[in-house]
Every structure is written in structure tokens, then in C-alpha cells.
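Undergrad: For chain X, the structure is supplied; the task is to place chain Z on it using the hints.
Line by line, the protein sequences give chains X and Z.
Number 75 in the working numbering belongs to position 75 of the first sequence; there are no gaps in the numbering.
Number 24 in the working numbering belongs to position 24 of the second sequence; there are no gaps in the numbering.
Everything hinted at is true.
A pair holds if it fits inside one copy or across any two, identical chains being indistinguishable in the list.
Here are the simulated lysine-lysine pairs, DSSO-like style, with alpha carbons at most 27 Å apart:
{"hint": "1", "residue 1": "K30", "residue 2": "K80"}
{"hint": "2", "residue 1": "K28", "residue 2": "K80"}
{"hint": "3", "residue 1": "K25", "residue 2": "K80"}
{"hint": "4", "residue 1": "K25", "residue 2": "K82"}
Since the hints were derived computationally from the structure, they do not count as laboratory data.
Note that this is a predicted model, so its numbers are computed, not measured.
Number of protein chains: 2
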Amino acid sequence: MNYIEIIGFVAAILTTSAFLPQVYKTWKTKDVSGLSLPMLVIFFVGIIAWLVYGFYKNSPSMIMANSITLISAFLLIYFKLKYSKK
Amino acid sequence: MNYIEIIGFVAAILTTSAFLPQVYKTWKTKDVSGLSLPMLVIFFVGIIAWLVYGFYKNSPSMIMANSITLISAFLLIYFKLKYSKK
Numbered sequence: 001m002n003y004i005e006i007i008g009f010v011a012a013i014l015t016t017s018a019f020l021p022q023v024y025k026t027w028k029t030k031d032v033s034g035l036s037l038p039m040l041v042i043f044f045v046g047i048i049a050w051l052v053y054g055f056y057k058n059s060p061s062m063i064m065a066n067s068i069t070l071i072s073a074f075l076l077i078y079f080k081l082k083y084s085k086k
Numbered sequence: 001m002n003y004i005e006i007i008g009f010v011a012a013i014l015t016t017s018a019f020l021p022q023v024y025k026t027w028k029t030k031d032v033s034g035l036s037l038p039m040l041v042i043f044f045v046g047i048i049a050w051l052v053y054g055f056y057k058n059s060p061s062m063i064m065a066n067s068i069t070l071i072s073a074f075l076l077i078y079f080k081l082k083y084s085k086k
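Bound conformation, chain X alone (with noise of 0.2 Å):
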């Protein structure tokens, strides 16, 4: 692994990381009043354009982090819809 790559994975460790919390939190508080669906299903094709990019650009730090970040998106948008139902 060169030193570009450290540089992704760093990167993508501190941007998933930072993003993990919010969807601990939403799990936790099935609070999801602050959450627009419609930005997170724009949030979510956006990331799966993202990890499209990573897989052409041979990136396996951009496929690493935007392969959490995906599944992320998805818990936010599955908690959106469950929740909000009440």
C-alpha cells in the first residue's frame, strides 16, 4: 500500500467515523424529526455515484468508506420510515 492510500484511508476513516454517531444516536432516540427524507435519498444515489467512482478510479480507500457511508445512508432512510410512522 503506498502513501496515497494511507492518506484515503485515513481520510476515510475519520469522515465514517464521524458519520457513525448520528445513525448511534437516531437508533437510540428513534428521534428522526431533524432528518430530511428527501436529502437522504439524495445523500444516498450520491454515495452509491461515489463508490461507482472509487471501483473506476481503483480506489479501495473511496469503495472502503463509501461502502460504510452506503450502509449508513441506509439505516438513516430505514429509520426515517419506521419512526416517523408513529
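TA: Just chain Z now, with coordinates in the frame of chain X:
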């Protein structure tokens, strides 16, 4: 511009678009209670790392997306510090 960069730019537009309403909402409401300063700082440093990575990968879409997100993250940190004092 090749079709890979088109995917990248679509990704860039979608993910940055999803982030901007948060900045606008925080600016208007001055409600920073839901924002965690350590999380924002970790995210900010992560975006700097992605920006550096984007330059090394010669990726115009990564450079564009991360520059905009860097400004957004900076503004959120600024709002957090400014409005938390009240």
C-alpha cells in the same frame, strides 16, 4: 471530460447538495445543540485528507466536492463555537 468524471461530478453534486441544507438550517435556527464539536473537527480533518487524496488521484470531482464540503464543515464549526456561547 470522460464518462468516469461525469459519474464523479454527479456524485459530487448529490452529496454536497445533501449537506448544504444542514448548513442553512443551522445558520437560520442557530440551533447547534445537536452538533458535536469533536465530531465536526474529526469530519473537517477527514475532508482535508480527502482533498489531498483527490489531488494525488487527479480527480477533479473529488477536489470540487471536498472543497465545498470543507467550507460547509468550517461554517458548522464556526456556528457551533459562536452559538454555543449563548
